[in-house]
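Student: Spelled out from the first residue to the last, the chains are:
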Amino acid sequence: MPVTPSRRSFLQVAAAGTAVAALPVGLREVVTPPVAAAAEPPGSERVVTSVCEMCTVRCPILVRVRDGKVVRIEGNPKEKSTQGAICAKGNAGISLLYDKDRVRTPLIRVGERGEGKFRKASWDEAYTYIADRLKAIRPEELAVGRRPSASDAFLLTFAKAFGTPNIFSHESSCPLGRNVALEVTLGTSEAAIDYSKVDYLVSFGRNHMETLAVPQAQGIIAGLARGTRLVYLDPRRTPTSTAATTWLQPLPGTDLAFVLAMLQVVIAEKLYDQDFVKQYTLGFAQLAGAVGEYTPEWAATKTGIPATTIRDVARDFGAARPRAVADFGWFSSTYLNDFQLRRAILALNALVGNLEVPGGIFFVKGLKGYGTELGDWKKPKFPAVTAERVDGAGVPGKYPLTPVKDGLCQVLPESVLTGKPYALKAYIAHRFDPLAAIPDQPRMIEAFKKLDLLVSVDVYMSDTGAYADVILPECTYLERTDPVMEASGLAPKIRLRQQVVAPQGDAKPSWQIYQGLAKATGLGAYFAYKDIDEIVAAQLAPFGLSAVELAKVGQWTPPDAKPTYLRKSNPKAPVKLKTPSGKIELFSAELAKLGFDPVPRYTPPPVPPKGTFQMIQGKCAVHTNSATQNIPILHELRPSNELWIHPVPAGRLGIKDGDGVVVRVGKLEQRGVAKVTADILEGTVFTYHGWGRTSPGLTRVKGKGIGFNALMPVVTDPATGSLVMRETFVEVVKS
Amino acid sequence: MSAPTKTAVRHQYALVVDTNKCIGCESCSVACRVENEVPDGHWRSRIAPPIPGSTKAPMKWACMHCANAPCVQVCPTKATYRRADGIVVIDAGRCVGCKYCIVACPYGARYFDEKKGIPDKCDLCVDRVDAGLEPACVQTCVGRALTLADLADPKNEATARIRSGEANPLHPELGTKPSVYYVVGK
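From first to last, the protein sequence lines are chains S and Y. When the letters of the first sequence are read in order and numbered with my numbering, they come out as residues 487 to 1221. When the letters of the second sequence are read in order and numbered with my numbering, they come out as residues 13 to 198.
Just chain Y, same shape as in the assembly:
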């Protein structure tokens, strides 16, 4: 079996999460789980609960598809790599299952898939995206809080939200340069 396609199309994908529209319903979590046949007990994407007592909204939490990804840096076999379009994927054929990437990820986005023998994570539904469809989480989102942005497309509305600084990555101080951007606060 081949690894996910290294697409030649010029795209630069990012995900915008509008926490004002997120109702924490976990629809995205289950859509992802079923779409990607994630094994029992694991999730590629979950809703992080708000801090108790705060008015902060819940938010979707998964792989941040970092431009400067620690998981890519630590991978001894280059099984984890970032595609030209910004999606961080795993070449299962090269992966030796050493789990360095699980430890390295500051967002806790990876889990070990015992069946596949690899540390797995969100790949932004790369097959769907390559086929011109939205990732499962975006497609199913009840609050329409999730948008797939293409930074290479200046007309893309979500891109504008990133460019204007309305949407921002989590923990920019880590220097990981994530491709998931959050709109926070009303």
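Chain S extracted, bound-state conformation:
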């Protein structure tokens, strides 16, 4: 039957008032452990406010529960930046929650590493197994790697209590370069773009309509509808190029030439905001001197884009100031010149004076600036760490600009296999799959095999998990309450991800996992809380806010905190930046001291050797990195990837659309299917990232598609510590 009485009754209640504000937010108090599914009577309905975790964006959601089962997830319409929308991934959260492939109980390895043979274990057994091995190593020989999340505090507390400096995030395989450029230039990476009010946006490969941060995409779509111009540079046709008013196809890795030429035109034709540049920036003269030679005619020879087009874009950009923005992007593990590309983009923004005005770039107005911060649970002082980090992050002479909270996640094999500066012996990968995310897989596997202990904390048996000694099943975001998270923008804002239903099987939340592990390791004092509710209460105490109040609305801004642009009413208002000079550093003395270009200069990307292709990757709208390809509904939408190749080289190689192909770098190869299309440049091949998976626990996606990461060597940007993942060239043959 298409309609059940219970569903109808829900809808009728929902429609009792006007619009969606009338949804029956039938909230429980934040309860741990949860009410068992059986305790909810048949026909019962409730809606819980929470926060999505299908990607990093963390959109606020409403979760509808019927008979103790999640039946639907919608966006929370109270959030203005999403208007109740969520993406395909957010809608598919239920498909992750109830996926039979999830790991539901702790697993201890019985086969060889990588075989994926495990036996079920109790949590106590798993904790003891891990603790016994951790007790046998020195503190610094443990490394932890994670995809940053709202539950970070527990893994980080464990690592710090254990006494290791070797804490990594996935950032060096993603936005690290851009973050460092922001730190150096603006003094903080906590900067954002006021998308919905921008009049002229230039995006250098930031594929907003497909990487899909919903608030950003909605802002841009709303802007386009009222006449915003969007200039989009990408060698590949994407949904963003379709939405853009101008789409340009530069040769891969030459965006920097385009930006330098824009700088040259804006400066030479005096299209910049002279008052702004004088008051808020440092090093204009050096910048002007450095870019003088980079004319549009010069840039045309590098990018393949006509000089007149480059000049027009620069002029339009200057004329639209201050509501003109050059997007500083997100994923920046691309070319060796990426760091200077981001620096040049930030210089371009500085020239048009778009800082802290509507339609420009703004600093995140967080709780810290507001004066009251979230509380924390009480814990003893962490032990002093004397050992150096294995990756040199934050260390002079090594990677001084790399934030130590992130580090270089790619160094694990180097440390383990060479013993330099010393060998890591244990690794905990939390919600992070280094084998899928980091290049040079053979070496990563070699390192995994040499470790004394490899632990994967995840919802699935990931590629890394298949090599682990122990897999600890973390529950999904729908089965746990997280510490209160900050989601500030123009005003401070907090959100609560709260538990919606009981965990599947024996899965546990981070706050329990690391508490249990700490107790077994003798570090229980650092986790002296009763449950997550106690932590949330401690966090909210400084605001006089209860968890129940926050849960009702899902998110909260201090009542006296309003959206703020520091220069909106007074364009000369003082803005103190956190850079050494307190200004936007077009010229960076720090970079000069470290031996890097203090103002952006051009470095060309390597040219593909004859017979090879430039290999580029991107994200599709229905998957997140390598995390979602196995989720049933999302897998069905896009089960595999293809190798995009232009008809001209495809014809030369005898490859027709749909043919099997082998993609090769030296002895390494990946097999897949060709998509012959004029939507990509002739010398470039493309695939969506996240396939080529190997874990037997990923029953749907295992063995499907092409994993470019498997073909790449590890190359690290000496300036930022970021991976360089676009400078590998591949041979393509018909299989």
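It is possible that some hints are incorrect.
[Claimed, not checked] Covered stretches of chain S, going by a simulated chain Y footprint (3 or more residues, C-beta under 8 Å):
(1) 687-701
(2) 1111-1123
[As the list claims (entries may be wrong)] Facing chain S, a subset of chain Y residues (Cβ under 10 Å, in silico):
(3) S41
(4) V42
(5) R45
(6) E47
(7) T152
(8) D162
(9) L163
(10) A164
(11) P166
(12) G197
[Stated by the list, open to error] Here are a few chain S residues that sit away from chain Y, every Cβ distance over 12 Å (derived from the structure):
(13) A677
(14) G790
(15) K891
To be clear, the hints were calculated from the coordinates, so they are not data collected in a lab. The beta-carbon is built from N, C-alpha and C at its ideal position, and this holds for glycine as well.
Given chain S, put chain Y in place with the hints provided.
Tutor: Below, chain Y without anything else, positioned relative to chain S:
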């Protein structure tokens, strides 16, 4: 179980799809799939890919809720019918599963639900609409490209887009008089 209500309220529903705002993200496809508990392997609504090499935007593709619906005409048991408000629905109790409607639909909007034993399709989330809510696809749309229009309400903005000829049905030459209207081209 009763069939979907034959509503007495005077509405005339239509769906407007603004392809300029559609980014092809498939959010609507998944919202529909989950909301309507569509079985594995089937979709009531999908994004039709743009023609390769063209600048044409992707567009949502589902039942067109035709005023002159071939599926209604061929149904031997009158299980498929068009409500007074324009929504084409299926009375599962009357359906004998003959699948004529699947063949008859020129838009390929129907699939056979093996579990229910009926050919199913988009019903514009009729329960939601009857309850005063937007269809799931409209509610979740990232680009705000989808709007539920009520032709009986002249103040409705989406209705104005239909009346002005800005939004048009697909393949009008088929004479099916669809209630899904597309805004195409910038």
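Student: Against each hint, give a clear statement of whether it holds in the structure.
Tutor: Right, here's what the structure says about each hint:
no.	hint	in the structure
1	687-701	holds (count 4)
2	1111-1123	holds (count 5)
3	S41	holds (7 Å)
4	V42	holds (4 Å)
5	R45	holds (6 Å)
6	E47	holds (6 Å)
7	T152	holds (6 Å)
8	D162	violated (15 Å)
9	L163	violated (21 Å)
10	A164	violated (18 Å)
11	P166	violated (20 Å)
12	G197	violated (12 Å)
13	A677	holds (24 Å)
14	G790	holds (19 Å)
15	K891	holds (31 Å)
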